[in-house]
Amino acid sequence: MMRLYLVLGMLLLALGAGQLGLRYETLPTRMATHFDLLGNPNGWAPKGRLFVLHLVVLSATYVTFAGLLVLSRRGGREYIKVPNRELWLSPPHEGRARRMIERTIAAIGIATLLFLLVIFEYVFRANL
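The numbering used here applies: residue 25 is where the sequence shown begins, and numbers increase by one.
The set of hints was computed from the structure by calculation and includes no laboratory data. A quick note: this is a predicted structure, and the numbers were derived from the prediction, not measured. The reader is advised that the hints may include incorrect statements.
[Claimed, not checked] DMTMM-like cross-link-like pairs, simulated, lysine to aspartate or glutamate; straight-line CA separation at most 25 Å: (1) K71 / E49; (2) K105 / E118; (3) K71 / D60; (4) K71 / E118; (5) K105 / E126.
[Stated by the list, open to error] Between beta-carbon pairs, the in silico distance windows are: (6) F59 / E110: 20 to 26 Å; (7) P115 / M34: 42 to 48 Å; (8) G119 / N66: 23 to 29 Å; (9) L35 / T128: 18 to 24 Å; (10) N66 / A41: 37 to 43 Å; (11) N108 / G45: 47 to 53 Å; (12) R149 / V94: 16 to 22 Å; (13) N108 / F59: 19 to 25 Å.
Backbone N, C-alpha and C fix where the C-beta goes; we use that ideal spot for every residue, glycine too.
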């Protein structure tokens, strides 16, 4: 599952870079970056700063979830907090429990990256 997350995550990072490449020339130099509840812009930033933020947020999210996957695989048993801990961390069940935790972390990581890509796309579209 870790390998799948790393590959999918890299593809999503590449998609984010492509998103920037396609949008850069068409967007204004001063962009709306924050919106109120009615969708009206109430925060502004230079285009370059928003693009750097885009790359930093996506990269930091990817690295954070990759680190969590490493910890879930190699971390000590004392860090795993699950109901009925004695059962799930007993020798016959520990491998399965760790795989379930790893799959969940990977799924949340991919979903978070997708969510961020969609949010940034809406910000870009609002500025066209």
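Status of the given 23 to 29 Å range, CB of N66 versus CB of G119: violated, 50 Å
Range hint compliance [Cβ, F59 to E110, 20 to 26 Å]: violated, 49 Å
Status of the given 37 to 43 Å range, CB of A41 versus CB of N66: Taking Cβ atoms as reference, N66 and A41 lie about 28 Å apart, which means the hint is violated.
Distance restraint hint 16 to 22 Å, applied to the beta-carbon atoms of R149 and V94: Taking Cβ atoms as reference, R149 and V94 lie about 36 Å apart, which means the hint is violated.
Restraint check for K71 with D60, where alpha carbons must lie at most 25 Å apart: This hinted pair holds, its Cα atoms lying about 20 Å apart.
Holds or violated: K71 to E118, with C-alpha atoms at most 25 Å apart: violated, 48 Å
N108 paired with G45, Cβ distance criterion 47 to 53 Å: Given a distance of about 49 Å, which is inside 47 to 53 Å, the answer is holds.
Pairwise hint evaluation, E118 against K105, where the allowed Cα distance is 25 Å at most: Between K105 and E118 the Cα gap is close to 12 Å, so the pair holds against 25 Å.
Restraint check for K105 with E126, where alpha carbons must lie at most 25 Å apart: holds, 14 Å
Whether the CB-CB distance between L35 and T128 falls inside 18 to 24 Å: holds, 20 Å
K71 paired with E49 [C-alpha distance capped at 25 Å]: Between K71 and E49 the Cα gap is close to 10 Å, so the pair holds against 25 Å.
P115 versus M34 beta-carbon gap, inside 42 to 48 Å or not: violated, 35 Å
When held up to the earlier numbered hints, the structure conflicts with 4, 6, 7, 8, 10, 12 and 13 and fits the remainder.
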